[in-house]
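J.: Here is what each chain is made of, one letter per residue.
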Amino acid sequence: MTGQAVNNNPMDAIIIDHLSKAFGDTRAVQDVSLTVREGELFGLIGPDGAGKTTLFKMLVTLLLPDAGRATVAGRDVVRDFRALRTMVGYMPGRFSLYPDLSVEENLSFFATVFGTTIEVNYDLIREIYVQLEPFKKRRAGALSGGMKQKLALCCALIHKPAVLFLDEPTTGVDAVSRREFWEMLQTLKKRGLTILVSTPYMDEAGQCDRIALMQNGRILAIDTPEGVEHLFRKPLFAVKASDTYQLIQDLRKAPFTVTCYAFGEFLHLTTKEGVSAASIQQYLIEKQHSNVVIKPIEAGIEDSFMALMEQ
Amino acid sequence: MNRFFAFVKKEFFHILRDRRTLLILFGMPLAMVLLFGFALTNEIKNAKVAVLDFDHGQHSRQLTDRLLSSGYFQLTRNLTAYRDVEATFRQGHVKLVVIFPVGFTHDYAHGGKAQVQLLTDASEQNTAITLTNYATNIIQGYQADQNPSDARPSMQIEVQSQMVFNPELKGAFVFVPGVMSLVLLLVSALMTSITIAREKETGTMEVLMVSPLSQLQILFGKVLPYLLLSFINGCIIIALGVFLLGIPLNGSLLLLLSETLLFIFLSLSLGLLVSTLADTQLVAMFISMLVLLLPTIFLSGFLFPIDSMPRFLQIVSTIIPARYFIDIVKGIMIKGVGLADLWRPTLVLFLMATVLMAASLKNLKPRLN
Amino acid sequence: MKAVVTNKLTKKFGDFVATNEITFDVAQGEIFGFLGANGAGKTTAMRMLCGLLKPTSGEATVAGFDVYKQSEQIKQVIGYMSQKFSLYDDLTVRENIRFYGGIYGLNRTNLKAKSDAIIQQLGLGSVADKLTVSLPLGWKQRLAFSVALIHDPKVVFLDEPTGGVDPITRRQFWDMIYEAAHRGTTIFVTTHYMDEAEYCNRVSIMVDGRIKALDTPGALKQQFGTDSMDGVFQILARGTSTK
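Protein chains in written order, with the numbering used here: chain F, 1 to 311; chain U, 1 to 369; chain R, 1 to 243.
For reference, chain F alone in the conformation it holds in the complex:
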């Protein structure tokens, strides 16, 4: 916990106050507190099993918390659950549409269920739905992964929800569809919608206004993406050489190393204080590495997450 004060500003779209939930021995969500402001695009970042989905289900009134309380759009998630259900848009982690209904039938079904029609709220979904329109007679089950996701988003938006909950919308989706999806979220944000989105992909965190890093049911940090990056305080270097495998082995054995992990093209090397690039270079040349590149770098969100995990 970062000890962020829970303020009870009525303007906050989501207020989570020391929320906990256990399933038997598994403490899925432990003492989580955070607030999401109106109009904010808030990311809940963490691996599978971090407790993201359980937290979501409590917020959309599907699960009762064991302890703590939460409000969404000013309504208590336990007491006012009936009222809340008309106000939130929810897209669960897995594909949650009817595969045997067409694109159009799915959308109009969900519209009617929420007491509205496609026409009334067409404005909100137009940009997304135009991409689906050519396939509107196609059964939802026959859509590609990216298209399914867009349809699910339309269905969650069709009743103009006050708050949109998207549980891992990009899991298992390829990098291109993921990027498109985030572009759609940015557009929705500009229209003033409050969005809480969860994802296991650290590289998506930068798209959010603020993020909460989550691991084993607990919040590791809450801040803006930049703020989270600044939580990383140790010296960090990007290192590259011809033989990556040998490089990892050798760097891990080095006396100055704290951690060494692969990060794309480079290795990210965290060292003790006062270690210079030159001294690392010296060490690697002694180990007979060729084409060595070393540069000090700023930490990314993933670096911070890993550092926080190890604390």
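Taking lysine to any residue and the SDA-like style, the derived pairs with C-alpha atoms no more than 25 Å apart in a straight line are:
#1 K160(F) - Y122(F)
#2 K365(U) - T276(U)
#3 K200(U) - V133(R)
#4 K140(R) - M309(F)
#5 K160(F) - Q217(U)
#6 K362(U) - D66(F)
#7 K9(U) - I118(F)
#8 K365(U) - N2(U)
#9 K113(U) - D145(U)
#10 K137(F) - K9(U)
#11 K365(U) - S20(F)
#12 K253(F) - D175(R)
#13 K240(F) - Q28(R)
#14 K200(U) - P99(F)
#15 K362(U) - T280(U)
#16 K295(F) - F224(R)
#17 K221(R) - R179(F)
#18 K140(R) - G105(R)
#19 K362(U) - A83(F)
#20 K137(F) - V17(R)
Since the hints were derived computationally from the structure, they do not count as laboratory data.
Using the hints, position chains U and R against chain F.
T.: Just chains U and R now, kept in the frame of chain F:
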């Protein structure tokens, strides 16, 4: 209300687009009725008969010839004494014994009234009753031919039919009510619980629960289409039984349909109860099979007469709803009795339905587990 | 000898061409990244190479065995691991290892040695007789990978092996991949994490059933004038993935 109908419409889409569901819905009742019906008529073609003729007169011979030339009966032997009858049945080949008493021709020609006795092996009840019906028809035909249009109508042959081995004919004609209760259970309970479990599996249930739809609306939206389909199914089975298999409908059709609705309601309550317990289609299927279908097949009197069950199973059978439904349908169709005679099983069904519906509604929760 | 060789390998489902004349080869001990958008044909190609699906036309060999005629031999010399299916939750760690070892015909003593080695290597000593369901996801994945290697396969196919795991476990997993490749096992891997594409010796990118690019990550980035594999992927796959 709009929401609710949107839901029902969606449900019809699911049903109409799934060939397997359609097949189970409409193919199965047809197949079952035809299968039983076919097995029955197959047995009746060239059924083996024995004749015990004490009369040796003109009419007994002519009537025998007429029976044998109908194509339904095939003479295996002529008996000479009463004691042969039981032995013949025991050997198991002969399904029907026709007995002409001494003086049959004389009584018929002079007194205008004669008796013929038909004995059938009622251990195969359906066959027995059908054979008796056929033979009676043929005898009546003979009698009509003998009685020219407006001649003295007093010439009568009295048919005395008697079932051997199962004299009261319990469980006769059970297959139509049996099939009916099976199909209605299958459609109402099994299919409903499976479709509800399917929504849980695909995750759509979560989305529905987080919508303004109440739990009750969701469930009744699921139930209504199946209520309709079950009712149509019930009507189809009754029609097949009456028109294709020649089962009589002696009682009130209105009462029969009302009782069918009651049983459907009961089955749907069972289905809802199963669906509140099952989270996957597989579990729903298992519970339905084990708890609903198997007991209905084996303990309702559908396949085995309840009277011939061990005492313990007889007690168990009192909680099988189909047992009461079979009694009711049999009563209405064959005996032609009304609610005055059937209020008891009707009340049992009604109470069961009320308790089950209350239990499944109590099990509903507005949240996940 | 090349570990995998394909020549105009094609699979059609009716009118739909899932993989369209793909040609590439993978060297022994190479880490080969097999990327593509959802539905680009990766899974179909992988299934053909594993001997699970008969190609419509073209040629392919895996560890020298022909995919048409020698699929049984292929299955003996490859390992397979996917995110979705790998271990039985209701078997213990040790039972899982023994089961997979048994499938590949390891004898009793060999099996014993192997299970002990895996359990020790992964530090699973304390949970070796616990049900696999109780393990954290990251442990399960590493165990699944070890199990996929139990019969010392020539080629290991990894289908999105790291989906949803935390960043540290993901790196530990790649450490294991490097190690296996270092010992000479060929690694054939699909992933949606573009940074992981950088860890591969060479990367191929499939778009709509065809291989649109194939080279080392460095050369691809140069070729497309971008500084990350994500950039390369976006340029190649964008605009076509929504079809």
